[in-house]
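Work out the full structure, taking the sequences as your base and the hints as a guide.
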Amino acid sequence: MFKILEKQVFSPIIKQMVIEAPRVARKCQPGQFVILRIHEEGERIPLTIADFDREKGTITIVFQEVGKTTKQLGTLEAGDYIKDFVGPLGTPSHIENFGTVICVGGGVGIAPVFPIARALKEAGNHVISIIGARTRELLFWENRMREVSTELFVTTDDGSYVRKGFVTDVLKEIIDERGKDNINLVLAIGPQPMMRACCNVTKDYGIKTIVSLNALMVDGTGMCGCCRVTVGGQTRFVCVDGPEFDGHQVDFAELARRSATFRAEEQRALERHTCQCGCGGGK
Amino acid sequence: MAEKKEIIPKKHPMPAQEPVERIRNFNEVALGYDEETAVAEAKRCLQCKKEPCRQGCPVEVDIPAFIKLVAERDFAGAIKKIKEKNALPAVCGRVCPQENQCEKYCTLGKKHEPVGIGRLERFCADWELARGVLPQEVAPPTGFKVAVVGSGPAGLTCAADLAKLGHRVTVFEALHVAGGVLMYGIPEFRLPKRVVQAEVENLKKLGVEIITNAVVGKFATVDELMEEEGFDAVFIGTGAGLPYFMNIPGENSCGVYSANEFLTRTNLMKAYLFPEWDTPIKVGRKVAVIGGGNVAMDAARTALRLGAEESWIVYRRSEKELPARHEEVEHAKEEGIKFAFLTNPVRILADENGWVKGMECLRYELGEPDESGRRRPVPIPGSEFVMDVDTVVVAIGQAPNPLVPRTTRGLELGRKGNIVADPQTGATSKPGVFAGGDVVTGAATVILAMGAGRIAARSIHDYLMKKKA
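Protein chains in written order, with the numbering used here: chain A, 1 to 283; chain B, 284 to 752.
For the record, the hints were derived by calculation from the structure and aren't laboratory data. Treat the numbers as computed from the prediction; the structure is a model and nothing was measured. In this text, a Cβ means the ideal position worked out from N, Cα and C, and glycines have one as well. Be aware that a few hints might be false.
What the hints assert, rightly or not - Using 27 Å as the maximum straight-line C-alpha spacing, the simulated BS3-like pairs for lysine-lysine come out as follows: (1) A:K71 - B:K565; (2) A:K3 - B:K487; (3) B:K487 - B:K363; (4) B:K393 - B:K294.
To be verified - Label pairs and their calculated CB-CB ranges: (5) B:P302 - A:Q249: 25 to 35 Å; (6) A:Q72 - B:P302: 34 to 44 Å; (7) B:N636 - A:R163: 41 to 51 Å; (8) B:R568 - A:N200: 36 to 46 Å; (9) B:E304 - A:N200: 53 to 63 Å; (10) A:N97 - B:L556: 43 to 53 Å; (11) A:E40 - B:K487: 14 to 24 Å; (12) A:T150 - B:E695: 55 to 65 Å; (13) A:R163 - B:R698: 48 to 58 Å; (14) A:E40 - B:A413: 20 to 30 Å.
Claimed, not checked - Where chain A lies over chain B, by a calculated footprint (3+ residues, C-beta under 8 Å): (15) 448-459; (16) 468-476; (17) 552-559.
The structure is reproduced here in structure tokens:
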């Protein structure tokens, strides 16, 4: 059992938890993820590591409530326990001094970008971060991101905070302004359409772009093959070969289709979950 | 003067759930012998002097001795005798390919059906499980610490043997529950999970510590276990957990599963209980399972239980070459599984949403024998046809899981990413590190993995005793 030490509610659907998991905290690196299971009947869900504290033996996760499991997770409080918490899984981010790197975090994707941006900055990079969300309420960690970035840009789709627009708008502006040759790498993490859109922008400029893929997953150790994705025409497993890949090589259309495999079942589980909480039945 | 024994030519039949019933549930198919049947079957044993059955048992169970005890109705004595050699009798009694092992050599089997050794083993194990497990003797502590990586059949056997010898054993398991392939791979209807967990509980009673959610190679490497966590020796039994795919167009369509994913969702995560349990699985109307081994049979039979109207085994050789156990094939046939022999897919067709809508196949014929001794399947040009299926399960085997081999310094690896280990000792190229089971041999059987675990335990013990001297 893994204890939840702290919980913070960023918005009604975005929450942060600090989990006691010394074995994971001891070894994890930026870019890696964990798989958790809340209770005996629960499913195994992957979540990217947002932060870690080796001394305290803790892992920070930030998640958006979308399905039954994340909604259930959101109802847990500090002092509660999570049944299973395994990691660190996946290949860590490749960190070196690339020069100038743009880190793009969209929505809940801001969280996994954070430790990578921090590591890139520590490695001597000029880190330009762009964070964005649909609306002001869904934006978090602006200050933390500012601390680990050389420059920070903020955008909201609806213009409710700082500037109106998409992260891709800002990305394009920065590249145009600084010149494509002055940007050595782009890292984009967020919803699949956002990562795909970022890749479309950078492809025209020929700037290498790393994305962190969120695929369906069961075991997370390469055993089930559920998370397979086509990268550069080859089948790769997100759980062991990734989660980071060259975004220009990723078949995003296939990834989107595969991610939707259980959409009807997920909807069914969610409705059933909502019914059980006594709010009037899945409305 | 001994009375002349009347020979019963056939094994006592195994009571089983009727096919029409069982294809609608996940309950165990074979129900096991009752005491009277077990005693009667045990009395079929000739107790011959040569004991040929014993040569066919990879873990060296004293078969005639335990059968004699069953015949004498000393069931407690019988299970004790089995457990001198076999840590997982309830598992082996169910899933061992007995017809190719002990029973293959049975003297009675030369003219008649061999003694149902596997069924008797299962009977003894179930008899004990129903009554609470008898305590086992454990040697005084040696002070040595051994890490066992992976809690499948190889790891559990190795851990049990080492614990009985007085070593402090810690088993590291990547998943949230111990048992490995016995939990995620073999279906409930063939091996109830309560049986596996009862065996795991036995291990704990021997003093073995089991740490789940622990991926060796990630939270700690084998080197770190030895250098930082003070383990004196390590056994690697991480199995063959890397599914092969066919690398044909359309294979990443929705509705194409590896057998591992299909079975893991169903067995380990209990997707058949969705939505009471949270993990879903989606099975269409017509399912094709590619492959002809036990895993393929398991997947095809599982698909039927999950509600498929038709479930096909698609195999590129003929029925004669099916690698699955005969009993599994028979059970599958009884349940209505259909077989497309000498057939292999070349392309999976998807609809506009990326979902499987058919599978283009080629017909095959058998040519000259290949290096496996089986006649090589040769495609017949122009024989393309489309199978009308909406779900495909790929069950063509697994490679050794690379997580531990890749992260352990100085470990010699084979061509297929397997760990090279001496078959006589389980020793690897790295001192103090032993390996066995599918991670060494490639995908094989539960009992061979257990045999490898046993061999390794013996040599780990020797290694530690020498270290002490």
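Which hint numbers does the structure go against, in order from smallest to largest?
5, 7, 12 and 16
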